[in-house]
Amino acid sequence: MSQLDNSADSKKYYAFAEEQIRSLTSPAYLAEPGTNNNFILMHSTGHLPGNSEVDVPLSYADYYYVEALMRLKKLINS
Numbered sequence: 002m003s004q005l006d007n008s009a010d011s012k013k014y015y016a017f018a019e020e021q022i023r024s025l026t027s028p029a030y031l032a033e034p035g036t037n038n039n040f041i042l043m044h045s046t047g048h049l050p051g052n053s054e055v056d057v058p059l060s061y062a063d064y065y066y067v068e069a070l071m072r073l074k075k076l077i078n079s
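Numbering-wise (our numbering), the sequence shown opens with residue 2 and increments by one.
Keep in mind the hints are simulated off the structure, nothing from the lab.
Among these hints, one or two may not hold up.
As the list claims (entries may be wrong) - Using 20 Å as the maximum straight-line C-alpha spacing, the simulated SDA-like pairs for lysine to any residue come out as follows: (1) Lys74 to Pro58; (2) Lys13 to Asp63; (3) Lys74 to Asp63; (4) Lys75 to Phe17; (5) Lys13 to Tyr64; (6) Lys13 to Ser24; (7) Lys75 to Glu20; (8) Lys13 to Leu70; (9) Lys12 to Tyr64; (10) Lys13 to Ile77; (11) Lys74 to Thr36; (12) Lys75 to Ser11; (13) Lys75 to Pro34; (14) Lys13 to Leu31.
For clarity, every value in this text was computed on a predicted model and none was experimentally measured.
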């Protein structure tokens, strides 16, 4: 969003996204290597209202996490 919005809010979007990535990278969510069935993130949720895929490792959660890390790295290095 921070790259698509030219308003003053774009800085807020960037800060919020960076805060989320830092949170996911903390010990509360980032699995130790060789644990969590080799998934990166712990405590993912697919569909809370349907009580489906709650507090489990999810491949698509890992995918979007890595995607976010790569985008952040690209922004920092540009």
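Cross-check of the supplied hints:
Simply put, Lys74 and Pro58 have alpha-carbon atoms about 24 Å apart, too far for the 20 Å limit, and the pair is violated. Restraint check for Lys13 and Asp63: the C-alpha separation of about 24 Å exceeds 20 Å, so the hint is violated. At most 20 Å may separate the alpha-carbon atoms for a hinted pair to count; Lys74 and Asp63 meet this at roughly 16 Å. Proximity of Lys75 to Phe17 is assessed by CA-CA distance (about 17 Å); at most 20 Å being required, the pair is judged to hold.
Taking the CA atoms of Lys13 and Tyr64, the gap is about 24 Å. The hint is violated against a cut of 20 Å. Restraint check: the Cα-Cα separation between Lys13 and Ser24 comes to about 16 Å, which is no more than 20 Å; the hinted pair holds. In summary, the hint linking Lys75 to Glu20 is supported, as the alpha carbons are separated by about 17 Å, within the 20 Å threshold. With a C-alpha separation of about 18 Å, the suggested pairing of Lys13 with Leu70 holds against the 20 Å cut-off.
A C-alpha spacing of about 25 Å is found between Lys12 and Tyr64, which places the hinted pair above 20 Å, so the restraint is violated. Our distance criterion of 20 Å between C-alpha atoms is met by Lys13 and Ile77, whose separation comes to about 16 Å. For the hint pairing Lys74 with Thr36, the CA-to-CA distance comes to about 26 Å; that exceeds 20 Å, so the pair is violated. Our distance criterion of 20 Å between C-alpha atoms is met by Lys75 and Ser11, whose separation comes to about 17 Å.
About 25 Å separates the Cα atoms of Lys75 and Pro34, which puts this hinted pair outside 20 Å; it is violated. With a CA separation close to 25 Å, the supplied pair Lys13 and Leu31 exceeds the 20 Å bound.
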